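**Q** Residue numbers (the numbering used here), protein chains in the order written: chain Y, 1 to 189; chain F, 1 to 189.
In case anyone wonders, no lab produced these hints; they're calculated from the structure.
Hints are not guaranteed to be accurate.
Identical copies go unnamed one by one, so any copy, or any two together, can satisfy a pair.
What the hints assert, rightly or not - Okay, derived cross-link-like pairs now, SDA-like style, lysine to any residue, Cα gap no bigger than 25 angstroms in a straight line:
#, residue 1, residue 2
1, K17, I51
2, K43, E141
3, K5, K33
4, K101, N117
5, K89, F126
6, K21, A143
7, K101, A145
8, K21, R108
9, K81, D125
10, K7, D125
11, K21, Y92
12, K89, Y71
13, K43, K106
14, K40, K106
15, K81, T91
16, K137, R108
17, K33, D88
18, K103, T163
19, K17, K101
20, K40, R185
21, K13, E95
22, K13, K112
23, K89, E183
24, K116, F126
25, K187, N52
26, K7, T91
27, K81, H50
28, K33, K116
Given the structure is predicted, the values throughout are model-derived calculations rather than measurements.
Below, each chain spelled out in residue letters.
2 protein chains.
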Amino acid sequence: MKLLKDKILNQGKVVDKHILKVDSFLNHQLDIKFLNEIGKEFKEIFKDTHINKILTIEASGIAIACIAAQYFNVPVVFAKKTESKNLDKETYESEVYSFTKGKNYKIRVSKKYIEKNDNILVLDDFLANGRAVLGLKDIVEQAEANLVGVGIVIEKGFQEGGTVLRNMGINLKSLAIIDSMEENRVKFR
Amino acid sequence: MKLLKDKILNQGKVVDKHILKVDSFLNHQLDIKFLNEIGKEFKEIFKDTHINKILTIEASGIAIACIAAQYFNVPVVFAKKTESKNLDKETYESEVYSFTKGKNYKIRVSKKYIEKNDNILVLDDFLANGRAVLGLKDIVEQAEANLVGVGIVIEKGFQEGGTVLRNMGINLKSLAIIDSMEENRVKFR
Numbered sequence: 001m002k003l004l005k006d007k008i009l010n011q012g013k014v015v016d017k018h019i020l021k022v023d024s025f026l027n028h029q030l031d032i033k034f035l036n037e038i039g040k041e042f043k044e045i046f047k048d049t050h051i052n053k054i055l056t057i058e059a060s061g062i063a064i065a066c067i068a069a070q071y072f073n074v075p076v077v078f079a080k081k082t083e084s085k086n087l088d089k090e091t092y093e094s095e096v097y098s099f100t101k102g103k104n105y106k107i108r109v110s111k112k113y114i115e116k117n118d119n120i121l122v123l124d125d126f127l128a129n130g131r132a133v134l135g136l137k138d139i140v141e142q143a144e145a146n147l148v149g150v151g152i153v154i155e156k157g158f159q160e161g162g163t164v165l166r167n168m169g170i171n172l173k174s175l176a177i178i179d180s181m182e183e184n185r186v187k188f189r
Numbered sequence: 001m002k003l004l005k006d007k008i009l010n011q012g013k014v015v016d017k018h019i020l021k022v023d024s025f026l027n028h029q030l031d032i033k034f035l036n037e038i039g040k041e042f043k044e045i046f047k048d049t050h051i052n053k054i055l056t057i058e059a060s061g062i063a064i065a066c067i068a069a070q071y072f073n074v075p076v077v078f079a080k081k082t083e084s085k086n087l088d089k090e091t092y093e094s095e096v097y098s099f100t101k102g103k104n105y106k107i108r109v110s111k112k113y114i115e116k117n118d119n120i121l122v123l124d125d126f127l128a129n130g131r132a133v134l135g136l137k138d139i140v141e142q143a144e145a146n147l148v149g150v151g152i153v154i155e156k157g158f159q160e161g162g163t164v165l166r167n168m169g170i171n172l173k174s175l176a177i178i179d180s181m182e183e184n185r186v187k188f189r
């Protein structure tokens, strides 16, 4: 997606060869017009796929999922990372390993909001090691729903997530795939 | 807002006299069409106020802020509750007391994303004790920006937040104010 690549080149900041900051438009400040273009692009990519729910994970995935959902005309459900007294006791849970924090954390979705045979599109801002998507896939499977697609804004192609998910047969589409960020230069696939 | 009140009566669940669950449409599963009506309503309420940025707090505030921002044609910034290596070192910080958890937590916004003289509208899903809004107000003031309004979807009128904020002269507008939830019945103001 050219608009996204331009945005990454113009506004993204390569912190080191593993970390790209896009907090001016994607995950801290949110450029809503731009997110609408992202949403339209996901709809175009998945236009022939029957989808009745979008699943994401807090926090930055929520923005993308909500704006995109307007083009799919479906509700969004976001998996929670923290325990909350407002969350049902009946939840699907999965463990996700965080490479940043060096430990597992739990993600939870109330059993009420993913039903058997739901056709679920997972959306998220970044794909690196793929652990968050695998956790969401686990929850979709516990609910006996169908993971019909995964849409990612920025895939770090130099980490294993993309390969792992594609090798599992997951219908993964990334709007931009970065192959390397050596010497502060973003190289797209 | 009648649509919201009907939604609370039809889909909300009073857990006890302090806790209302609206996770089927507002803060776990997200009813995007309904959030668009919420967004339009906020725009109508604040149509004569000059606003150039919407500020909210992760996680559930993000959904409301993003959808509403489309009607204001402004970017969203969300305050982060967790430390992240992707967050700038230069941040505005504030301490927020959580009654649920019985302790303080920090909220942070990168200094890049709130500028002096910005006219900020704060949006959030719930107002109870008002501590999160006071934390956001503190951050807005550190940045020498202007807090021109606060829009809340559901105000728990039986808790102190609304009174505290209005007594400070804050331009607070809540789409629904609940005066009590005794005997499992929601009573609106």
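**Q** Determine which of the earlier numbered hints do not hold for this structure and return their numbers in increasing order.
**A** The structure breaks hints 1, 4, 7, 12, 13, 14, 20, 21, 24, 25 and 27; every other hint is satisfied.
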